[in-house]
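K.L.:
Residues per chain are reported as follows:
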Amino acid sequence: MELLRTENVTKSYDSRVIIRDINIHLLQGELVSLLGLSGSGKTTLFQVISGLVTPDSGNVFLNDKNITGEPGNISYMLQKDLLLEHKKVIDNVSLPLVLRGISRKDARKQAQPYFEQFGLEGTEEKYPSQLSGGMRQRAALLRTYLCSCPVALLDEPFSALDMITKGQMHTWYLDVINKIRLSTLLITHDIEEAILLSDRIYVMTGVPGEIHNEIHIEKRRNERTDFNLTPEFLDYKEQILDILKQ
Amino acid sequence: MKRKPESIRNKLLPAAAFCLILLLWWIISATGLVPSYMLPSPISVAAAFIKDFPNLMTHALVSLQEAIYGLIIGVVLAFIIASLMDRFETLEKALLPLLVVTQTIPTIAIAPLLVLWMGFGMAPKITLVVVTTFFPIAVGMLDGYKSVDPDEINLLRSMKANRLQIFRHVKIPAALPYFFSGLRVSASYAVVGAVISEWLGGFEGLGVYMTRVRKAYAFDKMFAVIILIIIVSLFLMALVDLIKKVSMPWLSVTQSNNNGADLHEKV
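Line by line, the protein sequences are chains C and X. In short: position in the first sequence from 1, add 4, done, that's the numbering used here. In short: position in the second sequence from 1, add 146, done, that's the numbering used here.
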């Protein structure tokens, strides 16, 4: 079932076209990556999809409802984890619930059971500054999940992490995403990350940014342990590199 | 491991400097380098302080009352005006230059006018304190509101937060450190403002008492008043620091984390 789709989305700033005629879609439970070099307009596309920015032309549909320029229908995790330093971790992750009018006490109660699943048990009463980089990302992901929107947009969520933590986070994220079945659009410029995590990859190239290719990763998500060490993985990588070089 | 001795050193150095100044003052007055009617010795100032203590306390309470009332009104006004200026850009453009101009008016020059307009009661004193304390807080809060990471606002907007929710969850917490920095400065200005306004008329307060002892050439008592003003100002500043610590518990956590990281790096 097609959950989200964009139709001919074009956006420019100061008469400079950033993205042009973008047509993408996301199916229920899918994890799709937007892969492209810096400056190809990936973040602009996310801002349009999330409703924070209105496109010059084109539309965004969620469950066939036009949501163009309407924030609040899709959860959005920006590049930085953006945990509010003055709030304890549990208050940070339950913030979307509080903003919907749920009392702080009830919001905390609703968020609490997810702490174990997201590997955050014991951090509830801590402040974000007391967490490691990986833990902060997990908390930000939990907050995104608790937005209870059908689609999550993740803008380079693991880019600030060191290589080892990043690898651990990939394994953990694949596990969690398989359990919670959250339909996700992920921005990355890391080819290996895109292949490892995604069901499909849209490759964005050029200025203004356009969708150049769509690649399906055939390997099932729950069978990807050590996938990055296989020849199949290297084939995908080579294919994407060829597209980007063009 | 170096942290503890360093912290002791940081406390000892100003204490030593203070003792040195006290010693110099005593030497100057004891040797007669400056006559005692111009500069009383620290011992005679301390004696005057102890002897006059009940009287000083009565006047100090009045000045403190004026300072605190003025400070509270200044804080409320600063909060309202800074918030409105942040919300409406036109208002900010219109008011900010006026606010800056108000700070160039010497306090001592407007004090007699306030007495003329409002009489010798508490009102002109409180008004003067409001005028002197309002600016640092208002400008601080405005800077604080503007320091918010736009991405934090975008994040809340993506969660369908309204303007008031963004203000409450992001803008106010971001402005708090700036608010407390302004409040700390304003707390010391408040006492000085109250005393200055009392110089120009009134029945009670440290400024009134100061004028009386000055006219009686009782400089030891005058120095005792100055010391009391310093103590009251320091007390208010310490109170602000305490309120800041209680209302921003995450700051001490962050600071202790940073110290830990520094220590880790040193090791």
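Read the hints as simulated data drawn from the structure, not as lab findings. Just to be clear, a hint being listed does not mean it is correct.
Said to hold, decoys possible - Taking CB as the label site, the calculated pair distances span:
1. 133/C / 251/X: 39 to 45 Å
2. 387/X / 128/C: 28 to 34 Å
3. 128/C / 265/X: 54 to 60 Å
4. 216/C / 299/X: 31 to 37 Å
Please read these numbers as outputs of a predicted model, since none were measured by experiment. Backbone N, C-alpha and C define an ideal beta-carbon position, used for all residues, glycine too.
K.L.:
Hint by hint, say whether it matches the structure.
P.N.:
Hints, verified against the model:
no.: 1; hint: 133/C / 251/X: 39 to 45 Å; in the structure: 42 Å, holds
no.: 2; hint: 387/X / 128/C: 28 to 34 Å; in the structure: 29 Å, holds
no.: 3; hint: 128/C / 265/X: 54 to 60 Å; in the structure: 58 Å, holds
no.: 4; hint: 216/C / 299/X: 31 to 37 Å; in the structure: 33 Å, holds
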